[in-house]
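**Student:** Here are the chains, one letter per residue:
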Amino acid sequence: MRLSSQRIVLFLLLGFIAVVSISVAVAVDDKDAFKVKNFKVSDIPADDGTGLMLSWSPLPKERRIIEYRIYRGIDPKQLFFLSSIPVNVKTGVASETMYYYDSAPDEFIEIKSPGKLKAEKQQGKDSPIFRNPPRDIKLLAKLAKHFNLIAVLDKNQYYYRTKKSFSADAKDSTAYAGMKLFQMAIRAGLKPDEKYYYTVLAVDEKSVFHPHTTIVPGSPQENPPDPSPDFNVVYLQDAQKLQFEWDYPLYKDDLMQYQIVMLPNVSNEEWAVKKNLPQMGGLPAMPLTSGYAGYSNYTSYDAKELLAKGMTPDRIANSRFSLMLVDASGLTSLSDIRAPKLANTSQLPPKPVFRVVDKPNDKGDRLAVIWSNPVVLVTKVSFTSAQNDKMKINYMLNANETQKVRNIYFDFYRKGENTPFKTINEFYPDNIISLKVPAGYDIKQGLRVVMKLKCHPQIEKDYQLEQSLDWNDQILSLNPGNLYNKGNNLFTLQNVVYQKSPASPIFYQAKKMSSYDSNVEITIPYETQLYRQISAINIVENGILKTYGGKEVIERKLTDKDARADLVLMDAGIDLLVDPKTNKSIRTSLFATEGKKEAETRIKDATDKLTQLKAQAGVLTMQAATSPEAAQMLAKTKAQIEDLEKTIQTYKNPILEKVNNIKSDDARMRLVARTREKDKRRATFYMVRTDGKGMFVESDYNQDKDGEYIYNAPIANWFDKNKLTALFASLVFGCMVFFFVRKARKGHDLYIRPIAGIHEIDNAIGRATEMGRPILYVMGSGSLSDISIIASLGILSQVAKKAAEYDTRLIVPCYDYIVMPVAQEIVREAHYEAGRPDSYDKNNVFYLTSVQFAYVAGVNGIMIREKVATNFYLGFFAAEALLMTETGNAQGTIQIAGSDAVTQIPFFITTCDYTLIGEELYAASAYLNREPMLLGTLKAQDYYKFLILSFIIVGAILSSFQVMEIIQVFPVK
Amino acid sequence: MKKNLPLAIVIIGGFVWVLWAFIPHKVFSDDFINKFYLPWIYVQAPFGVVLGVMSLVMMHTSKIQRKAPKWQYSFFALGGLLITCIAGFGWGTQNGTPLMWMFTNMQMPMSSTMFALLAFYIASAAYKAFRARSPEATVLLLAALVVMLAQVPLGLKISKNLPDISQWILDVPNNAAKRGILLGIGLGGVATSLKILLGIERSYLGGGD
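Protein chains in written order, with my numbering: chain A, 2 to 974; chain B, 6 to 214.
In case anyone wonders, no lab produced these hints; they're calculated from the structure. Do not take every clue at face value.
Said to hold, decoys possible - What follows is a list of derived Cβ distance ranges for each label pair:
| # | chain 1 | residue 1 | chain 2 | residue 2 | range |
| --- | --- | --- | --- | --- | --- |
| 1 | A | P458 | B | F120 | 36 to 44 Å |
| 2 | A | S784 | B | F120 | 18 to 26 Å |
| 3 | A | Q969 | B | I16 | 31 to 39 Å |
| 4 | A | E402 | B | L159 | 22 to 30 Å |
| 5 | A | S330 | B | F52 | 39 to 47 Å |
| 6 | A | Y429 | B | A124 | 40 to 48 Å |
| 7 | A | H457 | B | F120 | 17 to 25 Å |
Unchecked claim - Counterexamples of contact, computed for chain A against chain B with all Cβ distances above 12 Å:
| # | residue |
| --- | --- |
| 8 | V204 |
| 9 | A632 |
| 10 | Q825 |
| 11 | D842 |
| 12 | V852 |
| 13 | K946 |
Said to hold, decoys possible - What the simulated footprint calls covered on chain B by chain A, stretch by stretch (three residues with Cβ under 8 Å from a Cβ of chain A suffice, anywhere in the stretch; the number is not a length):
| # | stretch |
| --- | --- |
| 14 | 84-97 |
| 15 | 146-153 |
Note that the coordinates shown come from a computational prediction; the quantities given were computed from them, not determined experimentally. The beta carbon of each residue, even a glycine, is placed where N, CA and C say it ideally should be.
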């Protein structure tokens with residue numbers, strides 16, 4: 002074939018098309034390679050219909066991804082950034098699928114949110130994805146009905162900065178608390194059956210935002226709850242009592258009720274089929290007991306009631322039981338059936354007895370629930386000799402601030418013996434003891450240790466804990482076994498603490514602790530933020546008030562009572578306190594008029610109804626003698642009357658009346674705040690000791706003789722008693738300073754030991770003067786809050802004065818911009834004092850940089866360029882110290898250093914001519930100017946150091962003889 | 006007045022911190038210190054930055070004007086300042102912005118280079134320290150030899166007791182000396198603080214009446 006020019010052109014054209022096609026294909030493939038694949042959105046099973054699960058396949062680690070960013074919206078054309086999942090760029094994601102659960106109200110609008118709608122980076126002009134939802138109330142109003150919006154407010158903003166607002170809905174006359182959007186952060190949760198759209202994109206280590214994946218919709222659905230994963234039944238035969246204990250499923254937020262069902266002896270297979278059928282497939286199920294779900298996870302039932310119904314103990318023992326959980330929508334789940342474990346009361350753990358104490362020395366937000374004496378247990382044994390005859394034993398001591406342990410006595414026994422071969426008195430609990438095994442004893446037989454404690458306040462003398470140390474062939478050492486107290490294995494028990502506030506009708510689980518904990522700290526925090534459901538959003542446009550949030554936007558003309566601003570509306574009701582006589586919670590409004598009106602309305606309504614019920618009760622009383630139904634009705638009516646009387650009494654509470662008599666909203670809210678915050682910060686407790694399998698025992702409730710709960714409130718302390726020694730020591734030191742300053746002022750000659758480095762400062766300045774070269778003064782990388790920098794500024798003053806006298810240039814490069822003006826002022830003043838104001842050049846004291854190694858580069862550059870003769874390194878130094886001093890050393894300068902950075906002192910000693918170690922730096926200023934006031938403090942410091950040394954020596958000697966009083970006077974930290 | 010007012014501010018401010026150390030009460034620690042007193046710190050920082058930047062600009066401008074030795078470098082310093090400011094104000098400080106690019110690709114490698122030099126300087130400093138010029142230096146040399154050998158497998162070959170001896174040197178004499186210095190520093194710190202609180206030490210206030 003002849004290669005004509007036409008053919009050449011054709012070939013070139015074909016080649017060009019091929020190259021372009023391949024390039025485009027590669028580019029498309031490359032673009033797609035960073036797109037997340039298999040992105041799915043599905044409903045979270047067994048939840049309350051407010052959660053969706055997102056899943057996708059992560060990109061391979063070669064793509065160098067650093068995060069996956071997730072976007073959500075109610076419209077596929079507008080999705081906002083929701084959250085990001087960071088990824089380790091080197092390891093990538095090991096699993097095949099990544100998950101994100103959009104199930105809890107997350108941060109929607111917060112302080113960092115943009116002011117206006119901002120498109121996401123690198124996503125093109127028409128991209129539907131945006132950064133965080135903006136702080137734009139109009140946009141929020143449009144989204145409001147699709148999300149469950151919660152406002153997070155500073156309590157003071159809510160108390161004092163709300164505006165009385167009304168909905169545009171004429172039927173709704175409620176006064177709402179209106180606030181501007183910038184006054185709050187907003188969290189958004191999903192709503193059941195709403196449609197949401199999601200997408201995800203990957204960001205690589207170069208911060209490239211790759212294209213997002215296909216936008217996928219999802220809709221959360223309300224599901225029946227999962228059954229309990231662990232349900233246990235115990236039949237206490239001697240007490241004729243049934244005990245039930247269970248675990249809750251993962252999603253338990255919307256659980257409302259539990260019910261225990263008694264069933265005949267059916268097989269698991271039969272139950273698995275019938276439990277899903279209507280009426281349980283006709284099984285004769287008997288509901289035994291029920292209660293609030295989600296708060297406690299145990300209950301008991303008096304089986305004598307069953308016996309009274311004709312059931313025999315054998316039949317109870319052969320019955321089966323199931324736990325039914327009911328959620329807020331009435332959907333239910335039934336657990337697997339369980340046969341009761343047969344037991345007697347004597348096998349139960351000992352009944353817990355506890356006390357509640359205030360935690361001392363705090364700001365008033367901690368209580369301690371204490372149920373046991375301090376507990377000590379061996380945690381580890383390690384041999385320290387090749388013959389395995391010497392060992393170190395680590396132990397753990399569980400006590401709290403109110404349980405002071407003075408001595409721990411460890412009695413070590415050979416296995417099978419009743420006489421200890423060694424007793425160790427641990428008079429300073431440092432969590433480690435040493436033990437020598439008796440000669441000839443085979444350690445593989447193991448040991449037994451009995452631990453007794455001496456405490457303050459004193460504990461019962463027979464309190465002891467026992468543990469066996471058994472040989473383990475795998476670790477070739479002794480392994481600490483179970484811990485026993487009076488025959489009870491503490492390792493198998495749990496102590497569960499329940500808590501209740503006055504406003505709550507039920508106890509909830511506060512903490513679950515192991516039995517070798519002796520106490521638990523309960524924090525009752527001060528309220529700083531309030532969470533309020535957003536009821537609606539008001540937008541004002543051209544004299545029209547529009548209310549968003551419901552199914553439709555409602556509009557009306559603005560009236561005088563309306564706030565003329567775009568506001569977020571919330572409930573204005575606030576809980577005030579629990580009436581101590583009726584135990585009923587009192588609520589009031591943020592606004593004085595509404596609060597007063599509400600109390601009056603409640604009293605009036607209750608009084609009207611009371612009158613009706615009393616009349617009704619009169620009629621029923623006459624009929625009750627002849628009609629049992631009327632008697633029943635009468636009892637109900639009397640209960641209602643009692644309740645209404647309580648309501649009236651509650652709303653005549655003197656504090657509420659006092660609150661409602663205050664006309665100013667702010668003054669009224671100050672009293673409301675004081676009252677409610679004090680009332681809310683109280684709690685009562687009780688405990689349950691359990692093996693987690695139904696063998697539990699409850700403590701008594703903390704009640705007075707009338708059966709009223711005793712509430713404990715933490716107390717705020719004005720003085721931290723742990724610091725009493727520190728305060729005393731500071732005062733002693735202060736007195737010593739005064740004494741020596743006075744002495745110095747009177748003209749007494751105070752001897753201060755000579756410090757070579759300080760003596761040489763004059764010579765170093767003199768050398769620079771002789772050579773006609775500048776002096777470099779470096780204060781290191783500290784700020785004005787470092788004591789070393791303050792001490793260094795004192796020395797700078799002296800050095801600058803001398804340098805000014807000799808007319809030698811002093812260069813001070815500063816690391817901190819706050820230090821710079823101070824240094825400038827000091828050097829300027831020194832020149833004035835030396836009578837050389839003309840030689841002061843502001844540009845010699847300058848700011849260099851606040852970046853550590855850039856500062857080094859700058860200082861080293863100055864050192865070389867300016868050919869300095871003397872270097873002072875006085876202040877705070879880190880890794881930069883050696884870099885600077887070695888350069889100075891190479892330049893042949895005379896170098897004087899001083900720092901309180903212990904790690905840098907060796908470098909200074911090695912490379913500098915003179916070094917001020919630690920406190921010598923602080924003393925230098927006083928030493929140089931010989932001012933009596935400063936010398937007095939120096940002298941006091943020396944004597945005080947001697948005092949401390951005396952305490953150390955005396956304390957060491959006394960504690961060697963087990964006299965611990967001196968050590969105990971000083972705080973541990 | 007020029008000196009007394011700042012002195013009064015320092016003394017009052019200092020005593021507030023002393024009280025903070027002893028008073029845990031919520032009214033003082035939360036309401037006063039955290040919500041009222043500490044936010045004042047945020048106010049002072051911007052003024053400091055302005056002063057720092059002004060000083061830097063003035064010094065380098067003056068250098069350029071005076072044609073001081075190596076004045077050409079001042080252009081780099083001022084240029085760097087300007088470019089960083091433009092990058093920071095123009096595109097923000099988040100990942101992926103020019104400022105972060107400069108930080109990652111310019112400042113970080115340069116800082117790492119400076120830090121890497123430390124290894125050579127340590128070697129040179131160690132050489133100086135280990136010259137047995139005096140009995141003290143000989144003790145230092147021996148102690149250092151033991152500690153260094155204990156860190157490498159060769160040490161264990163020489164003697165199985167070497168790691169124990171090394172640990173003892175670190176735990177006992179070394180720790181004792183360190184604690185002695187720290188004790189002095191602690192006391193010196195208290196003394197200096199007291200001097201400032203009582204108005205005895207005023208050097209940090211600079212000059213003026």
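**Student:** Give a verdict on every hint.
**Tutor:** Here's how the hints hold up against the structure:
1. Remark: the range hint 36 to 44 Å for A/P458 to B/F120 is contradicted by a beta-carbon distance near 56 Å.
2. With their beta carbons about 21 Å apart, A/S784 and B/F120 fall inside the hinted range of 18 to 26 Å.
3. The supplied range of 31 to 39 Å is met by A/Q969 and B/I16, whose beta-carbon atoms lie about 35 Å from each other.
4. At about 50 Å, the beta-carbon gap between A/E402 and B/L159 misses the expected band of 22 to 30 Å.
5. About 59 Å separates the C-beta atoms of A/S330 and B/F52, a value inconsistent with the hinted range of 39 to 47 Å.
6. A C-beta distance of roughly 43 Å is found between A/Y429 and B/A124, which places it inside the suggested range of 40 to 48 Å.
7. Our hint of 17 to 25 Å for A/H457 and B/F120 is violated, since their Cβ atoms are close to 53 Å apart.
8. A Cβ of chain B approaches the Cβ of A/V204 within 12 Å, the least distance being about 8 Å, so the stated non-interface status is violated.
9. Annotated as non-interface, A/A632 keeps its C-beta farther than 12 Å from every C-beta of chain B; the closest such distance is 55 Å.
10. Consistency note on A/Q825: stated as away from chain B, yet its beta-carbon is not over 12 Å from all of that chain's, at 8 Å minimum.
11. Not every CB of chain B lies more than 12 Å from the CB of A/D842, the least distance being 9 Å, so the non-interface label is violated.
12. With a minimum CB-CB distance of about 7 Å to chain B, A/V852 fails to clear the 12 Å threshold, and the non-interface call is violated.
13. The non-interface label for A/K946 is inconsistent with chain B: the shortest C-beta to C-beta separation is roughly 6 Å, within 12 Å.
14. Counting residues of the stretch 84-97 of chain B whose beta carbon lies closer than 8 Å to any beta carbon of chain A gives 0, which falls short of the minimum of three for the stated coverage.
15. Using a Cβ-Cβ cut-off of 8 Å, 0 residues of the stretch 146-153 of chain B lie near chain A, which falls short of the minimum of three, so the contact claim is violated.
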